[in-house]
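The chain contents come next:
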Amino acid sequence: MFERDEKLDRGVELLKEPVHLDPGFDRRVMAEIASAPRPRAWVRPIWAGIEWMRRGRPVTVSPLGGLAMAAGVAAVLLLGRSWLAPGETAPATATTAAPGSVVQFVIVAPAASTVSLVGDFNDWMNGATPMERVAGNGVWSVTVPLEPGRYRYAYLVDGTTWLSDPSAPPALDDEFGRPGSVVTIGEL
Amino acid sequence: MGIGDVKGESDGALVVRVLDGDTDAFAGLVARYRDRLGRYAVRMLGNTADAEEALQDAFVRAYRSLARCSDPERFGAWLFGILVNRCRTVGGQRAKRQRLVSPDEPALARASVPHSEDREALREAIEWAVAQLSPSNREAFLLKHVEELSYDEMTELTGASVSALKMRVARAREELRRLLTEAESV
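For the record, the sequence lines run as chains A and B. Okay, so the first sequence: first residue is 2 according to this note's numbering, each after it adds one. Okay, so the second sequence: first residue is 4 according to this note's numbering, each after it adds one.
No lab work stands behind these hints, which were simulated from the structure alone. The reader is advised that the hints may include incorrect statements.
[Claimed, not checked] Sample of chain B residues facing chain A (criterion: CB under 10 angstroms; computed from the structure):
#, residue
1, V21
2, D23
3, F29
4, A54
5, Y66
6, S68
7, R71
8, R122
9, L125
10, E150
[Claimed, not checked] Just a sample of chain B residues kept apart from chain A, beta carbon distances all over 12 angstroms, derived:
#, residue
11, G79
12, G84
13, N88
14, A163
15, S164
16, A167
In this text, a Cβ means the ideal position worked out from N, Cα and C, and glycines have one as well.
Isolated chain A, as found in the complex (with noise of 0.2 angstroms):
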């Protein structure tokens, strides 16, 4: 590919050698780092959702759950206020997968000590989905195996309190009159 010269060679073979640094530079960056604002975990979990698209499965979602997943971005922004330090934002997601695969909930409480699923994929059983807290700023996570249909769903925080996605579609047919939201996987 290229011509060859043997001074040009060696003298690329030195410019390989490892450089010395100054010993204390780890120590340096790590130090600026201390001082530094710590970075945002919340994207994280969205990178997920990235990774199952990259892999090649399929994601079908329809309007009605295009909306819910929308809505999730801000939606426990607002409702959860509450379960927030002072000055914390708290972004949410709920990503569609393919039909027959898996739907990810994120919600972000940083002041909650449990958070569970509940909705119409598991007859509203506080405790039967709960969700892992995935960051140290109070994400919390789970993924549900769900074929395409329509979902009512909502999130338990501590037990006791109910959290839709408020700029989600709500689940108006609700017939115990508490918050909730609906997604819809695939085509109906």
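Put chain B on the given structure of chain A with help from the hints.
Frame of chain A, contents of chain B only:
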């Protein structure tokens, strides 16, 4: 060798720990990439002080923006892209300074290159010659021949097209051959 050839706990795992609040885990990423990226910065900028400034800045910027690293398992490639940009910035600032204080540094450097063909003489000669390249040609040459990246990886880091990068590398090699011959004859 690709950008992400590393051992031990994966980059993705370390990134997740940092985002979970374990700031110390970032030290693992610093230790993993300091030498590899430090070499690029030193070769690109020509001195350790500027290289450390650019590399430290790259690490700190990467930390602050860690949540924007879309593929944590390829943290190294992402960090390398940040460093390439920092080197461009630091190199540009240095060039302005040098135009003020050292207008004929290339001639001074050329005069200092020994005639002998021993290893140290060649090291000085190649370092001097690399420093004479234009920043864009030097960047392409180092990424290709010293860091041994593919053109696709180089495109990802620099934003330049493959054809443009191939032309820069070819021009850099041609210029280096000429400069090494010139240094030998001084």
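Verification of the hints:
This hint holds: B:V21 has a C-beta 7 angstroms from the nearest C-beta of chain A, less than the 10 angstroms allowed. The restraint placing B:D23 at the interface with chain A holds, with a minimum CB-CB distance near 5 angstroms, inside the 10 angstroms limit. Interface hint status for B:F29: upheld, as the beta-carbon distance to the closest one in chain A is roughly 6 angstroms, under 10 angstroms. Because the closest C-beta pair between B:A54 and chain A is about 7 angstroms apart, less than 10 angstroms, the hint holds.
A hinted interface residue such as B:Y66 counts as satisfied when its beta carbon comes closer than 10 angstroms to some beta carbon of chain A; here the least separation is about 5 angstroms, so the hint holds. Look at B:S68: its Cβ gets to within about 7 angstroms of chain A, closer than 10 angstroms, so that hint holds up. Interface hint at B:R71: satisfied, since its Cβ lies 7 angstroms from the closest Cβ of chain A, which is below the 10 angstroms cut-off. At a threshold of 10 angstroms, the smallest CB-CB gap from B:R122 to chain A is about 7 angstroms, leaving the interface hint in force.
The interface hint given for B:L125 holds, since its Cβ lies 6 angstroms from the closest Cβ of chain A, which is under the 10 angstroms cut-off. Residue-level restraint check for B:E150 holds (minimum Cβ-Cβ distance to chain A is 9 angstroms; threshold 10 angstroms). A cut-off of 12 angstroms between C-beta atoms confirms that B:G79 is not in contact with chain A; the least separation is 16 angstroms. The beta carbon of B:G84 sits about 17 angstroms from the closest Cβ of chain A, which is more than 12 angstroms, so the claim that it is off the interface holds.
With a least CB separation of 17 angstroms from chain A, B:N88 remains clear of the 12 angstroms interface cut-off, as annotated. Distance to chain A confirms B:A163 as a non-interface residue, since its nearest Cβ pair spans about 18 angstroms, more than 12 angstroms. The non-interface label for B:S164 is consistent with chain A: the shortest C-beta to C-beta separation is roughly 18 angstroms, beyond 12 angstroms. No Cβ of chain A comes within 12 angstroms of the Cβ of B:A167; the nearest lies about 17 angstroms off, and the non-interface call holds.
Checked against the numbered hints given earlier, this structure breaks none of them.
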